[in-house]
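Student: Residues per chain are reported as follows:
Protein chains: 4
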Amino acid sequence: MKDRIINSAVSLRDETVRLRRDFHKYPEGGFFEFRTASVIIKYLQELGYAVRYGKDVVKEDAILGIPAEDILAAEKMRAISEGADPELCDMLDRGKTAVVATIQGKREGDRKVVAFRFDIDSNEITESVRESHLPMKYGFRSVHDGFAHACGHDGHTAIGLTLARILKEFENEFSGTVKLIFQPAEEGVRGAEAMVAAGVVDDVDYFFSGHLGLAANKTGMLYASTGGFLCASKFDAAFIGKSAHAGNAPQEGNNALLAAAQASLALHAISRHGDGASRVNVGVLNAGTGRNIIPDNAIIKFETRGETEKINDFMIERAKQIVFSAGDMYNVKSTMDCVGRARSFEAYDSDFASEIYDIANDLGLFNDVSKYSDFNASEDCTSFMSRVCELGGKSTYLLIGSDLADKHHTPDFDFDEDSLTSAAAVYAILAIKYAN
Amino acid sequence: MKDRIINSAVSLRDETVRLRRDFHKYPEGGFFEFRTASVIIKYLQELGYAVRYGKDVVKEDAILGIPAEDILAAEKMRAISEGADPELCDMLDRGKTAVVATIQGKREGDRKVVAFRFDIDSNEITESVRESHLPMKYGFRSVHDGFAHACGHDGHTAIGLTLARILKEFENEFSGTVKLIFQPAEEGVRGAEAMVAAGVVDDVDYFFSGHLGLAANKTGMLYASTGGFLCASKFDAAFIGKSAHAGNAPQEGNNALLAAAQASLALHAISRHGDGASRVNVGVLNAGTGRNIIPDNAIIKFETRGETEKINDFMIERAKQIVFSAGDMYNVKSTMDCVGRARSFEAYDSDFASEIYDIANDLGLFNDVSKYSDFNASEDCTSFMSRVCELGGKSTYLLIGSDLADKHHTPDFDFDEDSLTSAAAVYAILAIKYAN
Amino acid sequence: MKDRIINSAVSLRDETVRLRRDFHKYPEGGFFEFRTASVIIKYLQELGYAVRYGKDVVKEDAILGIPAEDILAAEKMRAISEGADPELCDMLDRGKTAVVATIQGKREGDRKVVAFRFDIDSNEITESVRESHLPMKYGFRSVHDGFAHACGHDGHTAIGLTLARILKEFENEFSGTVKLIFQPAEEGVRGAEAMVAAGVVDDVDYFFSGHLGLAANKTGMLYASTGGFLCASKFDAAFIGKSAHAGNAPQEGNNALLAAAQASLALHAISRHGDGASRVNVGVLNAGTGRNIIPDNAIIKFETRGETEKINDFMIERAKQIVFSAGDMYNVKSTMDCVGRARSFEAYDSDFASEIYDIANDLGLFNDVSKYSDFNASEDCTSFMSRVCELGGKSTYLLIGSDLADKHHTPDFDFDEDSLTSAAAVYAILAIKYAN
Amino acid sequence: MKDRIINSAVSLRDETVRLRRDFHKYPEGGFFEFRTASVIIKYLQELGYAVRYGKDVVKEDAILGIPAEDILAAEKMRAISEGADPELCDMLDRGKTAVVATIQGKREGDRKVVAFRFDIDSNEITESVRESHLPMKYGFRSVHDGFAHACGHDGHTAIGLTLARILKEFENEFSGTVKLIFQPAEEGVRGAEAMVAAGVVDDVDYFFSGHLGLAANKTGMLYASTGGFLCASKFDAAFIGKSAHAGNAPQEGNNALLAAAQASLALHAISRHGDGASRVNVGVLNAGTGRNIIPDNAIIKFETRGETEKINDFMIERAKQIVFSAGDMYNVKSTMDCVGRARSFEAYDSDFASEIYDIANDLGLFNDVSKYSDFNASEDCTSFMSRVCELGGKSTYLLIGSDLADKHHTPDFDFDEDSLTSAAAVYAILAIKYAN
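These protein sequence lines are chains A, B, C and D, in that order.
Each position in the first sequence, counted from 1, maps to that position plus 516 in my numbering.
Each position in the second sequence, counted from 1, maps to that position plus 516 in my numbering.
Each position in the third sequence, counted from 1, maps to that position plus 516 in my numbering.
Each position in the fourth sequence, counted from 1, maps to that position plus 516 in my numbering.
If you're looking for bench data, these hints aren't it; they were derived computationally from the structure.
It is possible that part of the hints are untrue.
Intra- or inter-copy, both count: the list cannot distinguish identical chains.
As a list, the in silico DSS-like pairs of lysine-lysine whose alpha-carbon atoms are at most 27 Å apart [unchecked claim]:
hint: 1; residue 1: Lys-849; residue 2: Lys-817
hint: 2; residue 1: Lys-518; residue 2: Lys-734
hint: 3; residue 1: Lys-653; residue 2: Lys-910
hint: 4; residue 1: Lys-758; residue 2: Lys-826
hint: 5; residue 1: Lys-849; residue 2: Lys-541
hint: 6; residue 1: Lys-653; residue 2: Lys-622
hint: 7; residue 1: Lys-923; residue 2: Lys-653
hint: 8; residue 1: Lys-592; residue 2: Lys-684
Computed from a predicted structure; not experimentally measured.
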């Protein structure tokens, strides 16, 4: 059966590439994936999947980092003008561009639930215009300036739809349920938590996700598991003061710029932690309107990280004290919103990783299979993984090898489309194995 | 002769109003006055004035707060599309939208030089769209969103051109020279210094300037002199650091955001001065690009003020130490550019003020004449006045009464156009008196 | 009668000088005046005055800047060893070294109350040992290292007791009451408020105080009134955090040093006030115990000043916000205690000043009498003066001319003892005039 | 021979204990070890050792953290009054209380050099007065309030002298040289660098040092080697500004308190390092003299640490920038002196550790021998060890088990004197083995 699955994936190559290039050409940032989600929904409905989306798969009050309403409205209009279904868009609006599709195997047997998760959002950078850049050369470069698929999520999404098509073909050969999870807003680690909170993975026995490239930077490589995810939190803080003429009556102002400057300095001075690594960064500070006006507004965008949840919690606790007391210090109102969160993943399962390693090694699809890689960054997939393990399931995060044109998150990033077929094949093999 | 001059001014009322409304409709911010200066130059050349402009009346290396090249280029294109002469625009480019015109009286006698200075730039705000706002009602509201004449400089310019026309009519009745100075970029106190540095007032015996409204907030009022100008300096400081990934290698970054935050806090903590009032304000701080990147760039816009030059110099000296050492503290390169400067005026001449007071009182044009008002703000006209007095001349700054629709620098600001005629008349009377 | 009073003062010169030199030799800092107050009490009781002291003339919960108990105990022991009455000392303890004595005139007539206030504390500096320094030469140099009468309060006290003796002599010649107020702890502006709060001047119709020297820096000068007292407040703030080993577990510490550093910087950055001069200074910061321990303790000593009460109140309000929010920022408990307060004096009475000027001019005691001097510093006598005026009385603060050996508050300060007699005489004349 | 050596050590027990208790009773802080060093010198000279000390074994310009001259002078006087030789004291003065003694074995054979290092300074805390505290009970509690041997260096010194005595006894049985190094000022990690700089270990083939207690907190335990020493640097920074009256002329002051506060905050905000753990702590800040004086002086005492030399070097580099630019920011002169330094030890030799482990295991002296312990703190012994290894020698740092009454560096710390004998025995066995 392995070989039949692989053959199926190979036969779908053109369709996979078509899908990837379509997503690549119309990249959409986190929670703006109106067109992307529309395409996914229609595609899966046509294949006969049970498809849920919007508020059915997203807990509204758990959404992190939702963009401003006017920006969302403009993006929705843009997506509709690019073919997205207006009714669907309304249901996907305000942070709910998430899709979950399930297929029930028709074979008799165990009713295990196997889930695969794909992230669908683009980066917010402008794609390269160099002639040697393949998307440029072949005419599928991003048509949205300021947005580009520079992390391979276009590929992930195409893999997901290809997997759906393969599983449909093999539906008589597995007894369990396969659940395909398309998650918005992985960049900024915003999209996963609210899907987890909606219970999307509460019934899952086996959970898989993965990434193209990263440490697996050659086509043919595969890492069967990943660990070392850094715990991270993203925050926006705002300071609202009172303006005054800086010459005539400076004492009447409540200086939001100074409160934000103060908070920034104090955030960077949060004590190191004796139990392990921590990080903090105020990446953006914008304050004030005119040179001769006491500034009445300021915002900072910052993040904390920790080697463990406990360390990151320490950072967050201290950050709160700082933001609010910096406001108080200048008689300024301050707010602090969590706009993103990635957990560490402390339930790594070495045995399950070995199992996947053995399976991958047997396929003949990959010539360089390793058991484990450190991720050394943040991924909100850890939210799904932690939940699955907490409820007794198993999970792993694979790295799928692909030749890379440049580093992730840079304008010239591109990957080898051959890797999409291998990825779809190994996922399908895992799906059918564990759904039996 | 007084009455003949007044009659001349009255007869020019429609032309004065036409000019004012034209300038009002096409407001141009500091150093963007390509169209305004073009109109002034042509108008005065047609009247037969000797007209100098651009680098002949502006010392290039003394220009303060010149805008970025791309913005200047766009504004020049815009002005040309609105009728400005392209060749003139090239000569006015890069901070040289200044015009100086002279007329030599034809009477025998003393060759005194009498100067009048008019500021021609608009504010950078968007004008009111309320129906009751007269420019709206009569169709001369600003056609440039983001720019509006909300300080009466449109009126000042119209007064200047009307004065030119009256003086031409009376050229046989004075023996000296009258010099009309049209200064760009008074807002931000940027335009005067470079004209003074070019020697524009070095030959002046009597210097007059003034303002519509302010304390003279009723038509019929006149203040013969003004003092209490606050010394002010405007600075932009930039911090150039080095970016780094905030998670992987924060130690590789040189944090420009923290340098700017630090500088802002320290600037506000400059010691008070025992000899009199001082001020400092960081009105704008913008830093950083992304939440997870050590910020490699920051800018602050700030100002200092002092009751005397000495106090302001103390503030500037301390500000420099702070900006550069804040950069050093974070291993960040810092720059600090003066983008505006208003002097205090410490050569107030009470006798000359009394003289002007007596003249104004005798005219019958004003029903409420006072000798003196505190200005309580900054005006770079003080640069001209200080230079004239330094070289032995006399100067005064008048406030011309005008009913006001709202406060200066607000969207609904408007003044009573009748005051333009009174202003032109009193200026012409002073010109002819002192040019004899 | 004037001449008889002057003769009486002159005849008491030796006694006055003896008293002054005794106080000079045993200087006592603020609230340590156990011996000084003992001497005053006994002296006045022997003269037949009604003498109140300790808690009868000091409201306990209004005392500002009371020293630590162990230091007070040591000073009391020291005073007893120098002859102070132990029982009296117990009653004067803990900030109550204040004495108020009254004499009721025996003449029929108006029962006006006339008060004179004398400050009795020394400075906390070490007196000069130069041979040319008169107290050294004549053997009455301070026997207390670290304490010296370098501001003339020894003279003030001697004037007060001499005045008491003269008034006793003339008690049949006035009908009202004269109240002599001996105030502790003027240095640091700590002693007056609690005496005012105890109602000491609530019945006073005419209030006089004054100072030797200052602007009146020649014997023979006299200023009849003084204004321009700066409003000032003195504070101690403490920060109590939690220590931790800086290497092993820095995150367990709550850093009091950083809270105090933060507060100090923010205090100096309190906005300037558009209505007039303000000041702030953190004069002392002490924090921490060991280099490798997260500091769990810090104290700062600071002061605010304002040209008016309103401006100083603004400073205080902002200071509180800063001290408490700086504590919060570092998870540290903070306290802020007022340890001194001088009011501005906004009820200056020009008519009364003229009256005193005329009287002084008539005496023949002073050859250079002026009506008014700016004080340009802080004096808590303003607390008495403000209270008297608030209740409808009149007050003035005189400067009594005296040749000075060096500036006030320096080790070589000394004054001309002849001025003591003139001061006692003019006070007695004013007392008897206004107590009739 | 092992047994003979052990027997020798056991027979010397009373002498060892006598020595330890003598040192314990007269504890001397870093660079104050005048009496301790005098005793060591005399003792070793009497045994016939070649003894060098003072400038012969200390490079003067490499001494770190030398105390102020007046304090050194007082301590020298104190030591002389307690029996130290005045002439010796002069030679040991100013940071040179170091002693190095050598014995040349009389056997034919290899001339290897084997060194043992003992630290001799006390802590600066006050010893317990509890009756159950053995030094109290047996009458050898510290006679110096503020100083106590609370880290076992009294024991180390006694071990060193006992070792000297044993080696003398066995001098015919080894061919090499044994060098005994007595190092001052280990607390604060100040004393080692200048001895290394003087070349004290440049000829050493085998280097041993060790510590009583720590992880080896039971008598009978032994760790054959130690690693994980934290790299640390200790600094004093001073800020010299200019005072001014805070009310009259604050602008004339250069505020040292604010410079120090600023530096403290910025030091704590030095970026975390992506390659490993770092630390920074400002443990002490003292600034200013009077509440109403702009502070003209401030000092901070701080330390940096790093998991590697590279990380600590990064901390130091950044600290320098901060201290000097904080000074510049307030127009204040700043200085920064290194007063202590401990290296990390990156040349750990696992094979040599195994060799020592095997030797120790064979002796029968210890019932719980381990190969390795992390030290998890700083020790300037690493300076010697790094130098020895750099020149091709071998080194190890042992932990000698001892029952402890309380934690190191606390008033009730005490150890089991039996462990001294075991330590002397194992050292002697190692000395003789490697000196052959």
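Student: Output the indices of the hints that this structure fails to meet, ascending.
Tutor: 3, 5, 6 and 8
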